[in-house]
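Using the sequences and the accompanying hints, generate a full structural model.
Protein chains in written order, with our numbering: chain W, 1 to 112; chain C, 1 to 112; chain A, 1 to 112; chain V, 1 to 112.
Keep in mind the hints are simulated off the structure, nothing from the lab.
Check each hint, because a few of them may be wrong.
[To be verified] One side of the interface only, derived from the structure: several residues of chain W facing chain V at Cβ under 10 Å:
no.	residue
1	N6
2	N20
3	F24
4	L30
5	A33
6	S35
[Claimed, not checked] Cβ pair distances, simulated, as ranges:
no.	chain 1	residue 1	chain 2	residue 2	range
7	C	W21	W	F24	30 to 40 Å
8	A	D61	W	M57	35 to 45 Å
9	A	R102	V	H101	37 to 47 Å
10	V	R65	A	W21	39 to 49 Å
11	W	S93	A	D97	30 to 40 Å
12	A	R19	W	R10	38 to 48 Å
13	A	D97	W	F103	48 to 58 Å
14	W	A7	C	H64	23 to 33 Å
15	V	A58	A	A7	44 to 54 Å
16	C	I96	V	R65	20 to 30 Å
Predicted model, so just to flag it, every value in this text is computed and none were measured.
Backbone N, C-alpha and C fix where the C-beta goes; we use that ideal spot for every residue, glycine too.
Number of protein chains: 4
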Amino acid sequence: MTEDINALRRRLTAFATARNWEPFHTPKNLAAALSVEASELLEIFQWLTPEQSAAVMADSDTAHRVRDEVADVLAYLLQFCDSLAIDLLSALSAKIDRNEHRFPVPEADSNT
Amino acid sequence: MTEDINALRRRLTAFATARNWEPFHTPKNLAAALSVEASELLEIFQWLTPEQSAAVMADSDTAHRVRDEVADVLAYLLQFCDSLAIDLLSALSAKIDRNEHRFPVPEADSNT
Amino acid sequence: MTEDINALRRRLTAFATARNWEPFHTPKNLAAALSVEASELLEIFQWLTPEQSAAVMADSDTAHRVRDEVADVLAYLLQFCDSLAIDLLSALSAKIDRNEHRFPVPEADSNT
Amino acid sequence: MTEDINALRRRLTAFATARNWEPFHTPKNLAAALSVEASELLEIFQWLTPEQSAAVMADSDTAHRVRDEVADVLAYLLQFCDSLAIDLLSALSAKIDRNEHRFPVPEADSNT
Numbered sequence: 001m002t003e004d005i006n007a008l009r010r011r012l013t014a015f016a017t018a019r020n021w022e023p024f025h026t027p028k029n030l031a032a033a034l035s036v037e038a039s040e041l042l043e044i045f046q047w048l049t050p051e052q053s054a055a056v057m058a059d060s061d062t063a064h065r066v067r068d069e070v071a072d073v074l075a076y077l078l079q080f081c082d083s084l085a086i087d088l089l090s091a092l093s094a095k096i097d098r099n100e101h102r103f104p105v106p107e108a109d110s111n112t
Numbered sequence: 001m002t003e004d005i006n007a008l009r010r011r012l013t014a015f016a017t018a019r020n021w022e023p024f025h026t027p028k029n030l031a032a033a034l035s036v037e038a039s040e041l042l043e044i045f046q047w048l049t050p051e052q053s054a055a056v057m058a059d060s061d062t063a064h065r066v067r068d069e070v071a072d073v074l075a076y077l078l079q080f081c082d083s084l085a086i087d088l089l090s091a092l093s094a095k096i097d098r099n100e101h102r103f104p105v106p107e108a109d110s111n112t
Numbered sequence: 001m002t003e004d005i006n007a008l009r010r011r012l013t014a015f016a017t018a019r020n021w022e023p024f025h026t027p028k029n030l031a032a033a034l035s036v037e038a039s040e041l042l043e044i045f046q047w048l049t050p051e052q053s054a055a056v057m058a059d060s061d062t063a064h065r066v067r068d069e070v071a072d073v074l075a076y077l078l079q080f081c082d083s084l085a086i087d088l089l090s091a092l093s094a095k096i097d098r099n100e101h102r103f104p105v106p107e108a109d110s111n112t
Numbered sequence: 001m002t003e004d005i006n007a008l009r010r011r012l013t014a015f016a017t018a019r020n021w022e023p024f025h026t027p028k029n030l031a032a033a034l035s036v037e038a039s040e041l042l043e044i045f046q047w048l049t050p051e052q053s054a055a056v057m058a059d060s061d062t063a064h065r066v067r068d069e070v071a072d073v074l075a076y077l078l079q080f081c082d083s084l085a086i087d088l089l090s091a092l093s094a095k096i097d098r099n100e101h102r103f104p105v106p107e108a109d110s111n112t
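And the structure:
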């Protein structure tokens, strides 16, 4: 069974602490690293058509690379939130609530 | 109690489906949107010193903006993974395993 | 007549000096700002099809926004190069030379 | 003598045409590639202090890498502008004009 997100966050914190990387992990540096990793994910797709982009997991090397980059993005996102004591899942839950008000669902056609 | 990450992922999928946004949600477009949101988070920090970056949550407007941007990053990351059937938490767990081999912990001083 | 790129670089330097912005303009901060502006340009295109992306200048508001973002990217690129005494045009000229060796032109069909 | 920016732009166009890369060079793809290259530049700086970031050119390998990345950023910026017939230098000149109105120079102290 996969670890839950809090267990992963704790492993990341222990990993950085054991290697004395914490002085580098300012919120500013982690935000930069997060954006760099998100760009590495985008790089895989930059020259692909929309159709090719939907088929990237069919090639095992590319699939590995995609999984590796999404892992890096989540790793830095969790470490960023840790550095500022932000509850990531609560932040997303609140944001979805706001978006449900901001973008109401278009009404269905009343004749059908 | 906060929803878990799978419940949030399902809410995001339902949200996009109800608004007919799925045709826009190709893996390529979602990777671009993810990187744009990560940059919006970085923008908050771009002119700050390391010390100022550690204190951003003390201002309630900035704190709101930071939580809003981390929520957007996670939202697009979850939707990206959904579009390619990637198990995000397993991907991170596997990546931490690899990094533990790649970056061994420096040995403690043998005299202590 | 438009100013040449060195005249623009000098205007940017004078602009920052007059406003006492130079302490903020470390190479690291300027690299972050450059990447943020590049993402703001990408944001205009993130949900567009390739065909729609080729037609963005037909709408005058979008055209203005695109020109504004490319200007911001060049502004930060010039200020970044200024902060490290890099000759930007020489760097590009040298890179094109290297790429011409790295990616040879495919030979034309010998029958024609 | 270094080529001017228009000569470099023409070399980039000829380079892409000779290799049949033009079908990939939609404005959307070039905007994505530009943002990826800007992130590769930022990556060099992500863990550095402001002081370390000002000294990167002292190491010849890092200096080469920095010049390589600024060249890539300018290359994609020029190709992006080419794809939409944008005059890059005019766009920057107009932006500086607007910024001079938007951010007036603080008045000097009248007693001195």
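For each hint, the structure was consulted:
1. N6: violated (26 Å)
2. N20: At about 13 Å, which exceeds the 10 Å cut-off, the nearest Cβ of chain V leaves the hint on N20 (chain W) violated.
3. F24: holds (5 Å)
4. L30: holds (9 Å)
5. A33: holds (5 Å)
6. S35: It holds, given that the least Cβ distance between S35 (chain W) and chain V is near 6 Å, below 10 Å.
7. C:W21 x W:F24: 30 to 40 Å: Cβ of W21 (chain C) to Cβ of F24 (chain W): about 38 Å, so the range 30 to 40 Å holds.
8. A:D61 x W:M57: 35 to 45 Å: holds (38 Å)
9. A:R102 x V:H101: 37 to 47 Å: holds (45 Å)
10. V:R65 x A:W21: 39 to 49 Å: At 27 Å between Cβs, range violated.
11. W:S93 x A:D97: 30 to 40 Å: Because 53 Å falls outside the window, the suggested range is violated.
12. A:R19 x W:R10: 38 to 48 Å: Given a distance of about 45 Å, which is inside 38 to 48 Å, the answer is holds.
13. A:D97 x W:F103: 48 to 58 Å: For F103 (chain W) against D97 (chain A), whose Cβ atoms are near 50 Å apart, the range 48 to 58 Å holds.
14. W:A7 x C:H64: 23 to 33 Å: holds (28 Å)
15. V:A58 x A:A7: 44 to 54 Å: violated (30 Å)
16. C:I96 x V:R65: 20 to 30 Å: holds (28 Å)
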